[in-house]
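> Residue numbers (the numbering used here), protein chains in the order written: chain X, 1 to 353; chain P, 1001 to 1317.
None of these hints come from the bench; they were simulated from the model.
Keep in mind the model is a prediction, meaning the values are calculated, not measured.
Please note that the accuracy of each hint is not assured.
Said to hold, decoys possible - Derived SDA-like pairs (lysine to any residue); straight-line CA-CA distance at most 20 Å:
1. X:K76 x P:Q1227
2. P:K1209 x X:N85
3. X:K169 x X:L181
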Amino acid sequence: MIDVRHVTKRFGEGATAVTALENVSLAVPEGSFFTLLGPSGCGKTTLLRLIAGFELPSEGEIRLDGESIGHLPPHKRPVNTVFQNYALFPHMSVARNIGFGLEMLKRPKAEIAATIEEMLDLVQLGAFAARRVDQLSGGQQQRVALARALAPRPKVLLLDEPLSALDLKLRKGMQSELKRLQNETGITFVFVTHDQSEALAMSDQIAVMSAGAVQQVGTPEDIYTAPQSRFVADFIGDTNIVTGELLGYEGPMARIRFADGPPLTVKTASATLVPGPVHIALRPETITVCDAASEAALLRGTVRDATYFGAGSQMLVCLDDGTEIQAQVDRPSPVGTVVGLSCDTSMLQVLAD
Amino acid sequence: MAELVQQIPKASENLQQALHARAKGKRRVRLFLLLPALMIIGIFGLAPLSIALIYSFLEPGTYGGVEWVFSTDAYVQFLFERDIFDDTLSFNSAYLQIFGRSFGLAIFTMFGTLMLGFPVAYFIAARPPEQRNAWLFAITLPFWTNLLIRTYSMLLIVRDEGFINLALMKLGVISTPMQMLYTDGAVLAGLVYSYLPFMILPIYASLEKFDFSLLEAGHDLYASRMQVFRQIVIPISRPGIVAGCALVLIPALGAYITPELLGGGKKLMIGNLIAMQFGSGRNWPFGSAAALILMGVVLIALLLSLRAGAEKENRHG
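Generate the whole structure from the sequences, applying the supplied hints.
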């Protein structure tokens, strides 16, 4: 288990110092597929490099299975990295690349050879052992990079946007491949990506990061259905954020209402908001369209646009207060009509900010 | 339809002819474009070499030049001394010593430039791309001044009343000037200075595209700094190191100006020996023979090192 405790990382000194991470704490459970998700510049790669040892924390501590490793150089940490550009050694064959870590650990020759064999099988590159790495395609290089990082049996495998250089089809294939490797090896994977669909598809847990801080940690389902903040709601999938009025709390739930509608009891990310206007997340696919005058209508607006995308249609509805709402519907209403929007109130979530 | 089918072989025959003609034309153009370079190599390279080869098997003329009498004396003289009275041969190592000193100095020069040049090349390759040209310009700056002048200024620095001695005496480190000029050390320093760019540039070229994330990958895979250097940096820059060593070693072997000025003609190198034979020595055949022996040794060394390099490549392949 990786335990990141109050880690701050600053680059530069004095007035020009840039804070890449600000008091970040995280616990990565052992044997899990853990994803650091966020836009570029959010500090996710810096956090990964701190765990790998390429950077040292300005403050705070990193523990691996209870041992503090934050101050160790990379070659003394039982952690291996798959680099974004693979960083394969161009002067070595595929087999020697894979065996490099074990060679440096001074393992017996026979053990190294056996592990190389095993790893080549694992990533299905058995026929390529003697090839030079520059004779391989991008997808194959990716597999070599994986095999090289897995060969020393690290406690943790760090993956720095490893799929970003692959085309869409290969990427989909590698996603399930990575998941399979993680299951088979039982090694903790820490995966960095800015692609939310990738994160949702692969992870056991996701930490959403922004501006050098962790915004929310949870399972993909948690993150998707119960975003805590506007940033998370916005970053993960398409989300509508509507303004409603907080009336008060009812146990762990919040009582809200939209405009002059009836009071509703919904989930809330924060129990300390003051009654008044709050932001509420509403996923496009949970919305159903009904008659504007119907009792079920929670919101009312005018249809502005409708786009057909095969499995359904995307409808753009403009509310009276000017907020634009995306809704996924089977059959869109004609542009210009006034419609009511309703949804299962258990899918609504009051955001913390 | 039948006509069409008959036309096919004819068409393909035409195509064959056209392709053939075009290939022939291309060959002619290529030859034509190569001609100037071939002529220069022929006239100024191979022809003088042939003359030297012929002269080395003739007898020296009394006032320079050659007598057109076949003789292998020039080669014999390289290793043996002929007694003036009874014509017996006795072994003479004087010329071998000069060769030995030349090789020694050239090899030291090679290692000196490698030790100084590698860090410089690595440093430049590690700069952001927009800064590299300025550094490379600084490296090539000495070429803007003639080698003779640069060597003379070195002479002014290391001589007894030169900058180094004056400074050391002013500082009270020494009371009398150190003898630096006309020593092997002075020649070596001069050679290292002159040939340093020839080491830096090829190594830089091999490191220019170096992916510095490979260093992190190496560290990540349990290699210490030393191991990363030996297992990753050195092998990747090997072509540049080999080229740099050849570019320094070969001309350093035949260096003339530097040993002449900084060695004061006392510490002869092969270049000086050869020049002397065509000048005051008046022994053109021996000068030619010495030049050819040097060339032969260098060629053999080069072939051996190339073969060793190829074997190494295969083993790692």
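> Tell me the hint numbers this structure goes against, listed in increasing order.
none
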